[in-house]
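Engineer: As you go down the protein sequences, you meet chains V and F in turn. In this text, residue positions in the first sequence follow the numbering used here: the first is 1, and each later residue adds one. In this text, residue positions in the second sequence follow the numbering used here: the first is 507, and each later residue adds one.
What the hints contain is simulated information worked out from the structure, not anything from laboratory work. Glycine residues also receive a C-beta, built at the ideal position from the N, C-alpha and C atoms. One thing to keep in mind: the hints can contain errors.
As the list claims (entries may be wrong) - The list that follows gives simulated cross-link-like pairs (lysine-lysine, DSSO-like), each with its CA atoms no further than 27 Å apart:
#1 V:K412 <-> F:K523
#2 F:K523 <-> F:K513
#3 V:K203 <-> V:K190
#4 V:K412 <-> F:K529
#5 V:K72 <-> V:K61
#6 F:K513 <-> F:K529
What the hints assert, rightly or not - If you anchor each label on the Cβ, the simulated ranges turn out as follows:
#7 F:A892 <-> V:G29: 33 to 43 Å
#8 F:V824 <-> V:H503: 49 to 59 Å
#9 F:Q517 <-> V:A317: 40 to 50 Å
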Amino acid sequence: MTDISASSFVRQDLVAERAAPAKTTGFIGFLRTRLLNSPGNILLTILGLLLAWYIVVPALKFLLVDAVWSGKDRTACLVEKAGHEVGACWPYIQAKLTQLIYGFYPEAQRWRVNLTYGLGAALLLPLLLPRLPAKGLNSGLFFFAFPAVAFFLLHGGGIAGFGVSWTAGLLQLFEQSIGGAGDLLVNLSKSSAIAPLLWVLGKVLVLVGLLIHWLIFPLTWLRDQLQLSALPVWGDFLVTAVIVSAVLFVLGGGMRTGRRALIGSLLTFAGIAAGIKLMGLDRGGFPIVDTRLWGGLLVTLVIAITGIVASMPIGIALALGRRSSIPLIRIFSIAFIEFWRGVPLITVLFFATYMLPLFVPGNFAVDGLLRALIGVAIFTGAYMAEVIRGGLAAVARGQAEAASALGLSWWKTTSLIVLPQALRYVIPGIVNSFISLFKDTSLVSIVALFDLLGSLRASFSDPNWSTPTTAFTGFAFAGMIYFVFCFGMSRYSLFVENRLNAHRRH
Amino acid sequence: MSIAPRKPPLQLALRLKRALGGKTGWNGLAAQIAFAAILAWIAYEIVANARTNLETQHIASGFGFLNYNAGFDVNLSLIAYNNSDTYWRVFFVGLLNTILVSVIGIVFATVIGFTVALCRLSPNWLLSRIGGIYVEIIRNLPVLFQILFWYLAVLAALPAPRQSISIFSTFFLNNRGLIVPQPVSEPGLYPFLAALTVGIVAALGLRHHARRALFERGQMIRVWPYVLGCLVGLPLVSMLMFGWPLKFELPQLKGFNFAGGARIIPEFVALTVALSTYTGAFIAEIVRAGVMSVHKGQMEAGSSLGLSRAATLRLIVVPQAMRVIVPPLTSQYLNLTKNSSLAVAIGYPDLVSVFAGTAVSQTGQAIEIIAMTMGVYLLLSLTTSALMSVYGWRINRSMAA
Chain V
1 MTDISASSFV RQDLVAERAA PAKTTGFIGF LRTRLLNSPG NILLTILGLL LAWYIVVPAL
61 KFLLVDAVWS GKDRTACLVE KAGHEVGACW PYIQAKLTQL IYGFYPEAQR WRVNLTYGLG
121 AALLLPLLLP RLPAKGLNSG LFFFAFPAVA FFLLHGGGIA GFGVSWTAGL LQLFEQSIGG
181 AGDLLVNLSK SSAIAPLLWV LGKVLVLVGL LIHWLIFPLT WLRDQLQLSA LPVWGDFLVT
241 AVIVSAVLFV LGGGMRTGRR ALIGSLLTFA GIAAGIKLMG LDRGGFPIVD TRLWGGLLVT
301 LVIAITGIVA SMPIGIALAL GRRSSIPLIR IFSIAFIEFW RGVPLITVLF FATYMLPLFV
361 PGNFAVDGLL RALIGVAIFT GAYMAEVIRG GLAAVARGQA EAASALGLSW WKTTSLIVLP
421 QALRYVIPGI VNSFISLFKD TSLVSIVALF DLLGSLRASF SDPNWSTPTT AFTGFAFAGM
481 IYFVFCFGMS RYSLFVENRL NAHRRH
Chain F
507 MSIAPRKPPL QLALRLKRAL GGKTGWNGLA AQIAFAAILA WIAYEIVANA RTNLETQHIA
567 SGFGFLNYNA GFDVNLSLIA YNNSDTYWRV FFVGLLNTIL VSVIGIVFAT VIGFTVALCR
627 LSPNWLLSRI GGIYVEIIRN LPVLFQILFW YLAVLAALPA PRQSISIFST FFLNNRGLIV
687 PQPVSEPGLY PFLAALTVGI VAALGLRHHA RRALFERGQM IRVWPYVLGC LVGLPLVSML
747 MFGWPLKFEL PQLKGFNFAG GARIIPEFVA LTVALSTYTG AFIAEIVRAG VMSVHKGQME
807 AGSSLGLSRA ATLRLIVVPQ AMRVIVPPLT SQYLNLTKNS SLAVAIGYPD LVSVFAGTAV
867 SQTGQAIEII AMTMGVYLLL SLTTSALMSV YGWRINRSMA A
């Protein structure tokens, strides 16, 4: 024991302190680990710095330092006048701002556009914040009431009737078309090999037309009586309100449980009446502003919002159709979706501009903006259908099975159990297709509509403002608008995605 | 004695119901009949209206117009074309121009996309930030906006030919487009191409042989010197024997314009730059997502087996990432092809521009021409999606095995 302890060595003095390890936290540490940790990385950092230097500095110089901020016409933005190298020509944007935002919308009527923007924002913002209540009412207002109000605000004009007149007119059109087809077939049967068959078919169609005529006779009679009365719009409105409310009351369960439906329906009609009264639709409404005068950001937003609102029902219907077990509906949905997804949007817009007017009756002129809207709605609807189909596939099978075990019908299972869950899953996907829709609205400038990009391009040809930097200034301004909208939407989609996946995080 | 199993009942009514109405039975049948009636009615309305409208506008329907003389010029054509050719020829000129810009755009977009993805994946903070900013800016601006930006702002601001921006004195950039050296074929071209083809085939054969030896007998054969010899040596020998395959005619400034060289029209330059940078940003995100979808453990397992970092990437990470990358990558290629139809905005003579644009306004045959144009794009996208289903099926099979 002793000799071991004698031979053991116990160090008496302290070991010299080792140098602290290289810092890996803080700013210095960050530089060391993320930028300069190897010769290759140092080289890359220098390259990156050079790249940033040669892009950021000229861009800032152009937009701010060398920019001209005030002036009356192009001479302010010329090198001779400014006395230095000229960057962005902001007075040009000031001069063209109204054109870029409203197009040629009459100046006296621009408050209508502003009001529509305000209404839209007031309805959309609460819809986007998950914390706020009453999402059902809010989305109802945004998706149904707002488009109608916006139409009468922006376009102007009033209504000559209400539900009864519209339904009667539509059914009458249908009846005439059926009868016309029957007559055509009967005429055709005189010179055909399968004459008897055609004749029988034609006669059957004529008979069906006649039947429809008598079936809708009470409705048309009511319409004619209402149109003769002193207040056709209000009379029609009252009749429609009574009929719809009564039907909803009965369908809702009569005296037992129908009161809720009745109250809801009456409140809705009260809201519609307030809208009609406020905008004076029964007395002709606002002065009509032709859509050819619309332009700039207004057209961009109108197309984007209409596309968003119209593509949802189309997309839901097509997605459900594609999953349907009824063969014909499924095949039709697949063909429809794949067709519109397979062609570029610009050919769809050409289709809507050149072909669609040929497909409707000749006396029925389709407005240029409406054609583009139809094209965009169909196109986006097809893309939306695929997004929603993904959501439908993500809902666990047991959900629908449980619903049918409870005895719910297919409609109730779909609308109460499957769709709400499916739509929640695909909110990010829906927002992403809205982003691409918003970007795609710029394509309508090719079919002679002046959206933001179209107005910008038109403003380039103004000789009063043609300077070497006009084009760059215009693109910088429009680019900022597009970027703010699209970037905002993509950030929102990320936010919602994180919220939806909150339960998966640890 | 054996008991023969009883035959299942025929259930004719049930089978009929299934066949006619799907799972929903007679209700489904009724729905189908109603749906078919509505479709028939809409189709009848469309045909009847189109007929009357065409009659009032005095337009004869049918495809006869395709054999008429077009009578307009096209400023870029890969096949011989002049204004006395037929509309058929216009169709093919436009189609080839669409294919040209799509193929070149796809090549550049892939290069840009993979480069930006590498930047974004790089551990270097600055580089990944620059990549991220590029992707965000490009993806949040409309592609038409970018096409017009390049065409109306950047290319229009370029100087006249005399003050051209010269790149190594071989490429010249000015407001009339990009002037590049023109390749002129020499007598050695065909032997060179033949040697190259033989070399590629032989290299593929060698690789196949080496892999078989490795997988079947566990033999490692070193083939790369031979492969290199086939790929480089054979063309080199052909060049030594038959002379240069190509000669490049350099552009020279003569007076106010360039003589020699080939001029690439500014519309083409703008369209290619805009489409490839735009699609490149999307491809970068796809590639990044694909690489990040490979679990970190795969990389670690590779290095614990003693593979080098390069070998791990090549043999383990990339093959798995490719499975995720390829399907969306193809759809981006398809998108680029479809977006090339925006050429109509700047007057590049692609299919939509010359056929669905100029030809429609000249003949008024909107229905036929737009249907043909849509048909071309539809065919393209259906073919691509069919190929992708085959690809997906093969991937699934190899994953299951």
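Engineer: Please verify whether K72 of chain V and K61 of chain V have alpha carbons no more than 27 Å apart.
Structural biologist: 22 Å, holds
Engineer: If I claimed the Cβ atoms of Q517 of chain F and A317 of chain V lie 40 to 50 Å apart, would that claim hold in this structure?
Structural biologist: The hint (40 to 50 Å, Cβ to Cβ) is violated, given that Q517 of chain F and A317 of chain V are roughly 34 Å apart.
Engineer: Between A892 of chain F and G29 of chain V, does the beta-carbon spacing fit 33 to 43 Å?
Structural biologist: 53 Å, violated
Engineer: Does K529 of chain F lie within 27 Å of K513 of chain F when you go C-alpha to C-alpha?
Structural biologist: 24 Å, holds
Engineer: Given the proposed pairing of K412 of chain V with K523 of chain F, does the C-alpha separation stay at or below 27 Å?
Structural biologist: Since the Cα atoms of K412 of chain V and K523 of chain F sit roughly 24 Å apart, the hinted pair holds (cutoff 27 Å).
Engineer: Is K523 of chain F within 27 Å of K513 of chain F, Cα to Cα?
Structural biologist: It holds: about 21 Å lies between the C-alpha atoms, which stays within 27 Å.
Engineer: Would the pair K203 of chain V and K190 of chain V pass a check requiring their Cα atoms to be no farther apart than 27 Å?
Structural biologist: 13 Å, holds
Engineer: Do the Cβ positions of V824 of chain F and H503 of chain V conform to the proposed distance bound of 49 to 59 Å?
Structural biologist: 34 Å, violated
Engineer: For the pair supplied as a hint, K412 of chain V and K529 of chain F, confirm whether the alpha-carbon distance does not exceed 27 Å.
Structural biologist: Holds - the C-alpha atoms of K529 of chain F and K412 of chain V are around 18 Å apart, at most 27 Å.
Checked against the numbered hints above, the structure violates hints 7, 8, 9; every other hint is satisfied.
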